Structures are given as C-alpha cells and as structure tokens.
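Novice: Sequence:
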Amino acid sequence: FFFLIFFFLTLCFLNAHGLFAFVLTPLFCLLSLPPAAGRSPCPPDAAGRLADEHALIAALVSRLQSGPRVLDSPGRLDEEHRLIARYAARLAAEAGNAPRPPTDLGFSFDANKQQRQLIAELENKNREILQEIQRLRLEHEQASQPTPEKAQQNPTLLAELRLLRQRKDELEQRMSALQESRRELMVQLEGLMKLLKEEEQKQAAQAAGSAHSSPTHGAGRPMPMPVRSTSAGSTPTHVPQDALAGVGGDLQEAFTQGTRRNLRNDLLVAADSITNTMSSLVKELHSAEEEDEEETEKMQNGKDRG
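Quick note, the sequence shown lines up with residues 1 to 306 if you use the UniProt record's numbering.
Calculated from the structure, these hints are not laboratory results.
Please note that the accuracy of each hint is not assured.
[Said to hold, decoys possible] Simulated pairs of lysine-lysine, DSSO-like, Cα-Cα distance not exceeding 27 Å: (1) Lys113 - Lys125; (2) Lys125 - Lys197; (3) Lys298 - Lys168; (4) Lys283 - Lys298.
[Stated by the list, open to error] What follows is a list of derived Cβ distance ranges for each label pair: (5) Arg165 - Leu138: 27 to 33 Å; (6) Leu189 - Arg165: 34 to 40 Å; (7) Glu198 - Leu164: 50 to 56 Å; (8) Arg165 - Met193: 51 to 57 Å; (9) Ala207 - Val187: 54 to 60 Å; (10) Leu285 - Leu161: 55 to 61 Å; (11) Ile274 - Gly209: 32 to 38 Å; (12) Gln206 - Lys168: 56 to 62 Å; (13) Ile119 - Glu290: 54 to 60 Å; (14) Ala204 - Glu290: 17 to 23 Å; (15) Ala207 - Ile274: 29 to 35 Å; (16) Glu172 - Ala211: 54 to 60 Å.
Computed from a predicted structure; not experimentally measured.
Idealized CB from N, CA, C, for every residue including glycine.
Kindly generate the complete structure, drawing on both the sequences and the hints.
Specialist: Have a look at this one:
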C-alpha cells in the first residue's frame with residue numbers, strides 16, 4: 001500500500017514537471033524485454049495480464065507523445081490507477097513465487113545433514129554406554145555370587161580354604177584349652193584366698209586368747225627367788241621363765257609371718273600366671289584375626305584373578 005502511494009506521488013511529480021513520458025518510455029522498454037536466461041516462462045494468465053499492461057503503457061506513452069495537455073484529461077487518472085494496481089499485483093506475485101537461491105538451499109541442507117549426523121553419533125554413544133553398564137553389572141553379579149564350577153576349577157583356592165578351616169579349628173581348640181586353664185587358675189586363686197582368710201582369723205583368735213591368758217598366768221606364777229651364794233663374788237645361775245616364753249613367742253610369730261608371706265607369694269604367683277595366660281590368649285586371638293584377614297584378602301585376590 002505504501003509502495004502504491006509512493007508510486008502515485010512519483011507519477012504526480014513527474015506529471016507536474018513534464019517528465020512523465022520521459023520516464024515511462026524506458027519502463028515500457030524494460031517490460032517489453034524477453035525473459036532472462038534461466039528464468040521460467042510466465043503462465044498463460046500472467047502472460048495475458050502482462051500483454052494488457054504493455055498495451056496500456058503503450059497507449060499512455062502515445063498519448064503523452066501526441067500532446068502534453070492530454071495529461072489533464074479525467075480518464076488519464078483512471079488508466080494510471082489501473083496500470084499502477086496491475087503492476088503492483090504483478091510485483092507481489094513475482095515476489096511470492098520467486099524461488100529461493102540455491103546457496104540458501106544448500107546451506108539449510110548442510111545444516112540439517114550435520115544435525116542428523118550429530119544425533120546419530122549421540123545415539124551410538126548412548127548405546128555403547130548402556131552396553132558397558134550392562135556388562136559391568138553382570139561382572140559385579142558374577143563376582144559377588146561365585147558359582148561352584150569356578151571353585152572346582154581352581155584347586156589352589158580349595159587348598160587355601162581347607163587350610164583356613166583347619167587353622168580355625170585349631171585356634172578354637174586352643175582357645176577352649178586356654179579358657180579351661182584360666183578357670184582352673186581362678187579356682188586355685190579362690191582356694192588360696194580362703195586359706196589366707198582362715199589363717200588371718202586363726203592369728204586373730206590366737207592373739208586374742210594370748211592377750212586374755214597372759215595376765216592370769218603372770219598373777220598365779222610365784223615370784224622366783226634368787227639363789228644367793230655364800231661368796232660375795234658369785235652370780236645368779238637361774239634363768240627366768242618369762243625370757244623363754246618370749247623366745248617361744250618370737251619363734252611362733254616368725255613362723256606365722258613366714259606362712260603368711262608364703263601365702264601372699266602364692267597369690268602373687270597365681271595372679272601373675274593368670275595375667276600372663278590372659279595376655280597370651282589375647283595375643284593369640286589378635287594373631288588369629290590377622291591371619292584370617294590375610295587369608296580372606298588372599299582368597300579375594302584369587303577370586304578377582306580367576
């Protein structure tokens with residue numbers, strides 16, 4: 001629409017300055033040219049319209065050449081309007097039916113081809129990744145659940161498994177023996193503790209009895225009379241019995257202390273023996289656990305290699 005208005009204003013300007021015939025003559029020559037090489041011929045309807053336009057342009061040019069006053073006639077404007085409308089319609093039809101350049105078609109075709117290739121490559125990569133995931137999953141399931149056929153095909157693993165079971169049985173037997181010896185040592189320790197308590201009770205009873213009996217014995221015993229010699233230089237030869245009683249008490253106390261000391265030594269020896277036994281038991285347990293872990297690692301490595 002704007003193009004038509006612009007074209008009409010241009011014609012009016014040319015008409016006002018007397019240049020209308022000068023411009024339309026070359027335009028008529030251009031429109032009457034044959035189609036260019038490589039351009040498809042117009043359909044019959046378009047050819048008819050083009051011939052009518054040429055006839056109108058030729059009539060208008062002839063009128064303009066006959067006299068400049070013809071431009072002021074009222075029918076001139078109608079003919080110009082029809083000519084402008086037909087020319088605009090033909091231009092719009094040619095613009096709509098104009099084929100795309102081959103360069104644009106080739107570029108779009110190349111872009112579509114590249115996109116299809118990229119999609120195909122991505123699909124192939126996705127397929128490969130899914131296959132790899134499936135393969136790894138199967139390998140993991142086979143490794144976590146070993147079949148008996150594989151175990152029978154590997155005699156080394158069977159021998160190691162047999163040795164592990166034998167070692168485990170030996171350790172269990174030794175552990176039971178150590179527990180039995182520990183139980184016996186605890187019984188001995190309890191017996192020694194009972195003996196020590198009984199001995200302490202006896203000593204306390206004897207001490208209480210001697211404390212009650214010593215004042216009575218001292219009061220009933222007659223006072224020893226010293227034997228006087230006729231000579232002034234003679235010394236007394238009688239030894240008092242209290243001194244002998246003190247010597248006997250010292251001997252009894254020494255014997256009692258020796259017995260108590262022996263009991264304490266026995267208790268200490270028993271405690272040391274229990275401690276050593278328990279430490280050896282703990283060491284054996286730790287060594288057995290370490291050996292089990294090492295053998296388990298060896299078995300796992302052997303399965304992985306298998």
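Novice: Take the hints in turn and mark each one as holding or not.
Specialist: So, going through the hints one by one against the coordinates:
1. Lys113 - Lys125: Distance of about 18 Å is within 27 Å: holds.
2. Lys125 - Lys197: 87 Å, violated
3. Lys298 - Lys168: 16 Å, holds
4. Lys283 - Lys298: 22 Å, holds
5. Arg165 - Leu138: 27 to 33 Å: 31 Å, holds
6. Leu189 - Arg165: 34 to 40 Å: 36 Å, holds
7. Glu198 - Leu164: 50 to 56 Å: For glutamate 198 and leucine 164 the Cβ distance comes to about 51 Å; the hint holds.
8. Arg165 - Met193: 51 to 57 Å: 42 Å, violated
9. Ala207 - Val187: 54 to 60 Å: Given about 31 Å between the Cβ atoms, the range is violated.
10. Leu285 - Leu161: 55 to 61 Å: Violated, at about 22 Å.
11. Ile274 - Gly209: 32 to 38 Å: The hint (32 to 38 Å, Cβ to Cβ) holds, given that isoleucine 274 and glycine 209 are roughly 37 Å apart.
12. Gln206 - Lys168: 56 to 62 Å: Holds, since glutamine 206 and lysine 168 (Cβ atoms, about 57 Å apart) stay within the stated range.
13. Ile119 - Glu290: 54 to 60 Å: 58 Å, holds
14. Ala204 - Glu290: 17 to 23 Å: 53 Å, violated
15. Ala207 - Ile274: 29 to 35 Å: 32 Å, holds
16. Glu172 - Ala211: 54 to 60 Å: 59 Å, holds
Hints 2, 8, 9, 10, 14, counting from the list given before, are not met by this structure.
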